[in-house]
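S.K.: All chains should be modelled from the sequences, with the hints used to inform the complete structure.
One letter stands for each residue in the lines below.
Protein chains: 2
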Amino acid sequence: MAIKVHGSRISTCVGRVIACLEEKGVEYEVVPVDYVTSEHKQQPFLSLNPFGQVPAFEDGDLTLFESRAITRYVSRKYKDIGTDLLRLNNLAESAIVDAWMEAEAHQFNGPMKVLIYQFFIRPFHHLALEEQEVETNSEKLGKVLEIYEERLSKYKYLAGDYFTLADLHHIPFIFYLFKTPKAYLITSRPHVNAWWNDISSRPSSIKISEGFDKENSFLKGNQ
Amino acid sequence: MAIKVHGSRISTCVGRVIACLEEKGVEYEVVPVDYVTSEHKQQPFLSLNPFGQVPAFEDGDLTLFESRAITRYVSRKYKDIGTDLLRLNNLAESAIVDAWMEAEAHQFNGPMKVLIYQFFIRPFHHLALEEQEVETNSEKLGKVLEIYEERLSKYKYLAGDYFTLADLHHIPFIFYLFKTPKAYLITSRPHVNAWWNDISSRPSSIKISEGFDKENSFLKGNQ
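Chains as they are written, first to last, in numbering that gives the first Met the number 0: chain A, 0 to 222; chain B, 0 to 222.
Honestly, the hints are just simulated from the structure, not real lab data.
Any copy, or any two copies together, can satisfy a pair, since identical chains are not distinguished.
Below, a list of computed lysine to aspartate or glutamate pairs in the EDC-like style, where the Cα atoms sit at most 20 Å apart:
#1 K3 x E92
#2 K3 x D33
#3 K78 x E92
#4 K40 x E149
#5 K40 x E148
#6 K40 x E145
#7 K3 x E28
#8 K76 x E92
#9 K40 x E138
#10 K78 x E26
#11 K112 x E132
#12 K206 x E21
#13 K23 x D197
#14 K181 x D212
#15 K76 x E57
#16 K142 x E38
#17 K153 x D60
M.R.: The structure is reproduced here in structure tokens:
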């Protein structure tokens, strides 16, 4: 039975999981969730993800939620095929991958989520942009990316000279950032920009980017 | 050379790392950081943690940052001694540990951080409580804990019938929550409360709780 990813391809969290499955070359099926009827806030979806969010994930009898836990599972299960995304054969390397994965989750993700909310979710609900929120969080994100710039001046990727989950987890949000007036936060930093050009041109990234553009009603009027 | 944890024992993120080291029975040294002179925002601290936050961690030549990456490293390095915190011998079990670790990071941590900021950091800086922020985030935290209540009605701990990092990562923040008027968010939920009584009475938890109380100037005037 193929792996099932429940959720729409427009979701950045679903994108994170799909990019990982593509890096591993594993077969999977995307099971659409109807947001209009809030299918994800009701049973049977809640038995897959009690927090009522996409994605939910099924591999045989195992059900999982939280995109970053799902990518870890896929990377561990298919450790020896496709891209080595966690460097599990080396304790120190895998620890550094984890540190930069946590940087994504606890430094980058916060301000990035606010920008996505401001540029895509609010307009979708016919709400105006909150300028102060945009500026505060652009500044926060800029400070994080300044640290990335320094790191990427020494290494090709965040965890070292190899592409890992620490890089992959950033990809969906940055695709969306490029559809806002804040893309310069990436392009104005030479090493961050080179890193982005590299990671966004991977076949797995192109796959999720096409998914965003194909289904994405949020993007209308925001480009 | 013993493991070094840089940061004060009053920090919840430092507490997370210490609790993990205590569960493993590993020797370590806590290296104080002088917040008054912003030692953590300058070199040489920034070479240990480029984000200028505590903790930073050293184990021989390896330096790490982000508390949840450090606890993963310690749990992997000392996989076969002390408490089995990641269930790495079973792929499905370890995936479920990861899912609940991510729930802590992406569901529980957000509203909890705001409450800590409101009840401890603002008074420390002689700033008034923002009632609306407290109420909004108490409500958010309550919704998350409602899902925990359901989970803990079926299992003794979040990831199953065994204590793991998924539980441990919650401990420092809940100790602080109990020093605020919002402790009822835990005590009013029977299964969450029983879980808290269990996990907070572990020797590793008592160790970090004593560290909070001993050094904690934030707590004065908040009890």
